[in-house]
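K.L.:
Quick note: the sequence shown uses our numbering, first residue 2, plus one each step.
No wet-lab data here; the hints were simulated from the structure. C-beta: ideal position from N, C-alpha, C; glycine also. Hints may be right or wrong, so weigh each one.
Label-pair distances were calculated between CB atoms; the ranges are [unchecked claim]: (1) E217 / E38: 17 to 27 Å; (2) P188 / T161: 34 to 44 Å; (3) A124 / A168: 34 to 44 Å; (4) E220 / E38: 41 to 51 Å; (5) A80 / W190: 12 to 22 Å.
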Amino acid sequence: SDEMDADPDAFLAASGWQKFGYLEKDGQYTCTIWRKELMTEGGKRSPTPQWMMTGDIAVAPAQFHALNVDIDNRPSWDATFEGARKEDEGEDGSSTLVWKSKWPWPFSPRLYRYRQIPLVLPASDTRAMLSLGLQEAGRKDDSSVRVTDYISLSCVKPNTPRQESSALQSRYCLYYYEDPRVGTSMPAWLERHVAESTLPKMVSNIVSAVSKYPPERLEKYKDVGLLKTGSSAASCTGGSLTGKKKEHDGAVSTVRVEDNTSPAKATTEEHPKRRRPPPYATPIVCQWFPTSS
């Protein structure tokens, strides 16, 4: 949106987000960390908050996108990555992934099963990635804690050249929520660890990884999720996240976004042979998607 482009800090603050921290490394990246409570059914507070990161980064959108799509290369730059496998893959690059992530001691690793949906809008060189936790039990791999309530949405696009940050080629935005099943509330020290270490480290690691990333792999993965001519670009209308609707419907039964003016509802009951909707994303990130390709 124009408001987000003009003044992201003011736009997010007006939408109920609280600035949690800020990090930067000269010539490599800037990272503003935002936090917002998630209210579930009955006005109850989720045990974990929603997170958002915004900033500029010294990598091209194609490089940022390829590194996130290429799971075989992930161990070379992501210390929290313990392994992943693809259960299936669509012609458009979407896939069902089982992902194992390392957590700080004394917590066990977390195991995620989610639908990953990439999107590339060539006219604007914008790239996005939506990951939605799947609610089915799936195959139990080990003693890792299963995380089903999970959603992340990232978007990266070329930055407007500015004299003070000419090396920062792209602007990025990452929305993230999960319930890692640590009890009724996440310990304060763990929340701070996630906000100050886990999330921003991903940004700095991507900058470092780009210089070592093989050109042939970049060429292979940079356009995964390319929006074909004649397709509808991602848009944000009527409070719903749309675009690649067929893939979304195959991943979850219902996808909604949080209404900033009233508490979002969350499904908490288990339904045999039925997928529960994932947690509710914020429409703020959706406004980063162009309305047409």
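K.L.:
Evaluate each hint against the coordinates.
P.N.:
Each hint, compared with the structure:
Checked against the hint of 17 to 27 Å, the pair E217 and E38 fails, with Cβ atoms roughly 45 Å apart. A beta carbon spacing of about 40 Å between P188 and T161 agrees with the range 34 to 44 Å that was offered as a hint. A hinted range of 34 to 44 Å is violated for the C-beta pair A124 and A168, which are about 25 Å apart. Roughly 42 Å separates the CB atoms of E220 and E38, a value that falls within the hinted 41 to 51 Å.
Taken as a hint, the range 12 to 22 Å holds for the pair A80 and W190, whose Cβ atoms sit roughly 19 Å apart.
Of the hints listed earlier, those the structure fails to meet are numbers 1 and 3, in rising order.
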